[in-house]
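Dock the two chains into a complex; use the hints.
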Amino acid sequence: MAPNPAPPEPSALTQLISSASASNHPIAATTLQILHNLQYQHLWTSLQTHDIPIPLKSTTDTPPMSLISGIPPHRVYTHPDEQLYMLEKGLRDDDLRPERLFVIPTAQGQSWSVHRIAAVFDSLPEIPSSDHTESSMADVDAETQAKLTEYYTKKEAARATREWGGKRILLAMVDKGMGGDGTVAYYVVHDGEVKPRQN
Amino acid sequence: MDSDPPLPIPISYISNRYLLFSIDAVTYLRREHHICGVLIGTLPQIPQQNVFLGLPLELMPEEARLLVDKGVACIVDEAKAHAGMRSLLEGDRARYLRDLESQGQHAMRLQSDRKEQKREEALKKLDEKKAARARNSPSASAQTESSAAIVDIFNSERSNGNTSRDTSTSTASSRMGITPATSYPPLPPPSSTLHLPPPSVPASYPLFAHLHARGYFLSPGLRFGCNYMAYPGDSLRFHAHFLVVSYDWDEEIDLMDVVAGGRLGTGVKKGFLLGGAEKSKQEVENEADRVDSVRAFSIEWAGM
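As given, the protein sequences belong to chains A and B, one line each in that order. Position 47 of the first sequence, counting from 1, maps to 47 under the numbering used here, and the rest follow consecutively. Converting from the second sequence to the numbering used here requires adding 199 to each position, the first position being numbered 1.
What the hints contain is simulated information worked out from the structure, not anything from laboratory work. Check the hints yourself; a few may be wrong.
As the list claims (entries may be wrong) - Partner residues are not named here, just some residues of chain B that face chain A (Cβ under 10 Å, in silico):
1. Pro431
2. Asp447
3. Trp448
4. Gly470
5. Phe496
6. Gly502
What the hints assert, rightly or not - Below, in silico cross-link-like pairs of lysine-lysine (BS3-like), each with a Cα-Cα straight-line distance of 30 Å or less:
7. Lys195(A) to Lys269(B)
8. Lys167(A) to Lys480(B)
9. Lys478(B) to Lys269(B)
10. Lys478(B) to Lys195(A)
11. Lys195(A) to Lys89(A)
12. Lys154(A) to Lys468(B)
13. Lys167(A) to Lys478(B)
14. Lys328(B) to Lys314(B)
Yeah, the Cβ is synthetic: ideal placement off N, Cα and C, and Gly gets one too.
Same shape as in the complex, but just chain B (with noise of 0.2 Å):
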C-alpha cells in the first residue's frame, strides 16, 4: 500500500463535527485501526446525492477519542490553523501554486498520453478490418467511404488529417486544474498548541471502546435504532454481528427493550448485544479504566 501518513494524524474539528480530508489518513485508519467513519462528502454539483459519497470522512466523537488516546491522531480547530494562510510567504505561495500547475501538468500527459494509446490501438483494428474486407470483396470501395466517415464520427481528431498526430504535445501544454483536499502542504502541520483537548463522548464510549478493543468494527446505529453496529471485520466484507446499546451500570432495562431488541437482532440475523461498565466516572482516572470493567451480554430470541 501506499505511505503510511504521519502521526499523530490531525483531525479536523470544523462546526462540531470531526472531519478527515486526506484519503491516505483515512486509508490508513481503517486498515490499522479499524476506524470506518462515515463519508459525507458529495460532488459540488448533486448536492442532494446521498449514495456513492466521498471525503470528507466524518469520526464519530467516539472514534476521534479512541484515536486520540491511542495518540494516533490529536484534534485541531482547523479555523484556527487556517489563520496562518494569510501570513504565508508570498515565495511559499508561488512555489506551491508552481507545485500544483506541474501536478496538473503531469494528470494531463497522463491522460492525453492514455488517449493517444487508445486512438492508436482502435486506428491499427481499424486497419485491419478495411484489409481483410479488401481482400474478400475488392468491388465494394463505396463501403469503405461511408465506414471511414462512422470513424470520423468516433475520431474527431482524425478529420484534421496530419495534425492529428501531434495533438498529444499541443494538449500537453494546457494543464488541469488540481483542487488539493488538505491544506497541509502550503501550511506547516498544525503545532501542538492548536490541539484542542480530547473529545467529550457519550455515556456509551466504554461499551465502545470495550467491544474496539475486541477487534469489532463499530459504526453507527441509526439503521436499527441502537447506539452501534458491531461488525467482526471491514463492514465492506462482513455482516454486522450485533445492535449494540450502552447502559449504565445501574440504569434501569425495560424488558420490553430487551424484548425489542432480541426480536430486531433475530429478526436481522443478528445478536443484540447490552453492556455498560460497572466503574463510574467519579471511580477512576481515566476513561480507559472504565473500558477494563465493561460487562456485555448477548441476547438472541430462543425461538420457543
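The following block holds chain A by itself, in its conformation from the complex (with noise of 0.2 Å):
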C-alpha cells in the first residue's frame, strides 16, 4: 500500500487570497482575484487598489466598494473619432504614453444598480495628468513628437466637450460559484452616450 499522497498545494491565487484578506469581508478576495488575473493574464503594471465610500440611502449594510487602477501593456480601448484622428496623423497605439484605467471588481450574482453605477461614476477621480511619464517621448525623433503634442493638446479638449467619450471605466467579473473557472469578463463602460466603436 503505497502512502497517502500530500495534498496538492494551494493555488498560487488562493495563496494569496488567503494570506492578504482574511480579516476583510467577501468582497476583498474578489478584488484580489481581479487583481492577479489583471496582473498575471494581461500584464498589467502599476496596479492599485482604492477604497471608496459609496453613499447609498437604501443600502446601509453595503460594504465600502474598492477599485483597481493600473496600466494596462496596450490601449484597452480608443473612441472611434479618436481612431480616427489618430490614423489621419498616422499615430499608432505604442507612440502613445499608457495611460492609467479604472477596474470595477464584481462578483456575479453581487446586486447592482443604475443607482450604484452612477456613484462609482461619481466617486471616480479624473485621471491626472501629472501621472504621465515622460519617459515614452524621449525615444521619438522630432517629427513625431510634434504629432504627439498635438494629439494631447487635442485630448484634452475633447476631454471638455467630451467627444471622445467621457469618463470610462472597466468592469470586471468573476464568476465564484459552480462552474467558476477563473474566467474574468471585462466589459467598458462609458458614462453617458458614446457610440459604439464599429459602426
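Right, here's the structure in full:
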C-alpha cells in the first residue's frame, strides 16, 4: 500500500487570497482575484486598489467598494473618433504614453443598480495629467514628437467637450459559484451615450 | 416639401393603440420631431403581408406622450369624434362627395394623359423603325404586316382604327374612386373637449425622452430583446447605435444581463445602453423633471 499522497499545494491565487484578506469581507477576495488576473494574465502594471465610499441611502449595510487601477500594456479602448484622428495623424497606439484605467471588481450575483453605477462614476477621480511618464517621449523623432504634442492638446480639449467619450471604467466580472473556472469577463462602461466602436 | 399639417396633430386612439392616418402628419413628425412609429397597414386583399406596410402608422405610447407634452399633438378618441358623422349637414355631405368626385376625375385625367403620351411616343418610334426598314429592304412587305400585328397586341385600342384618337375624352368622363385616409375634411377638426389626457407610459419613458432630446431616433426594441433601439439619425439612413434598457434607480441589475446585453450589442456592432431616472415619480411634479435626472451608461465588450 502506497502512503497517502500529500494534498496538492493550493494555487498561487488561493495562497494570495488567504494570506492577504483573511480579515476582510468577501468583496476583498474578489478584488484580489481580479487584481491577480490583471497582473498575470493581462500583464498590467502599477496596479493599485482604492477604497471608495459609496453613500447609498437604501442599502446601508453595503461594504465599501474597492476599485483597482493600473496601466495596461496595450490600450484597452480607443474612441472611434479618436482612432480616426490618430489615423489621420499617422499615430499608432504604441506611440502614445500608457494611461491609467480604473476597474470595478464584481462577482456574479452581486447586487447592482443604476444608482450604484452612477455613484461609482461620481466617485471616480479624473485621471491626473501628471500621472503620465515622460520617458516614452524621449526616444522618438522630432516629427512624431510634434504630432504627439498636437494629439495631447486635442485630447485635453476632447476631454472637456466629451467628444471622445466621458469617464470610462472597466467592469470585471468573476463567477465564484459552480462552474466558476477563474474566467474574468471585462466590459467597458462609459458615462453617458458613447457611440460604439464599430458602426 | 409639402405643407406642414395644422397643429396640434390629432392622434387617433383606437382600441388602445395610437394611430396616425394622415401621410402629411407622418412625414412631418418624422422630419421635424424624429418620431418614426411603425407602419402597420396592409393591403386589404393581402392581410398577411408583413413587408412594405403602409398607413396607418402606430405610435408607441412613449412617442404619443412625448408629442403631447411638446404640444405638437393631441390624443383624440376616434369613436367619439366620428359620432358627428351622422349629424353632418346634407349640403356639406353633398359638397364633400362632389369634391371627391372631382378629385377622382382629376386623377383619371392625369392617368389617361400619361397613357396617351406614352402611346404617342411608342407610335412615333414604330413609325421611324418602319420607315428605316422600308428604306433598307423594299421587298419585305410581308414583314411589315406581321410587325403591325405585334403592335396591335401592345396597343389594343389601335385596332379600333381612327376612334383611338379620341379615347382620352371618353375615359375622362369615367372617374377613379378615391378613398380618403382621414375623415377630417368633412368633419371639423376634433374640438379640444374630445382630447384625451396624455397617454400613460411605461417606466422606461424618462430614458426614452432623454435619448430623444439628444437627437436619437428610437424604435421598439423587440428585435434585440431591449426596450428601444437608438439610431443616431433617421433609421432608414443609419444603423442603430444602442440597445437601450431602462431600469429604475434602485432596481437590481443582474450582472448576467449586463454580460448578455453587452455581448449581444458588441456582436451586432452596437453598444448596450442602460439607464434610468434618479428622481422617482413621487419626487417630481411632472415627467419632464425626471427626464433631466436620467443617467445612462453605455457598455461594450472589452475584448480581453
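Ascending list of hint numbers which this structure does not respect: No hint contradicted; all consistent.
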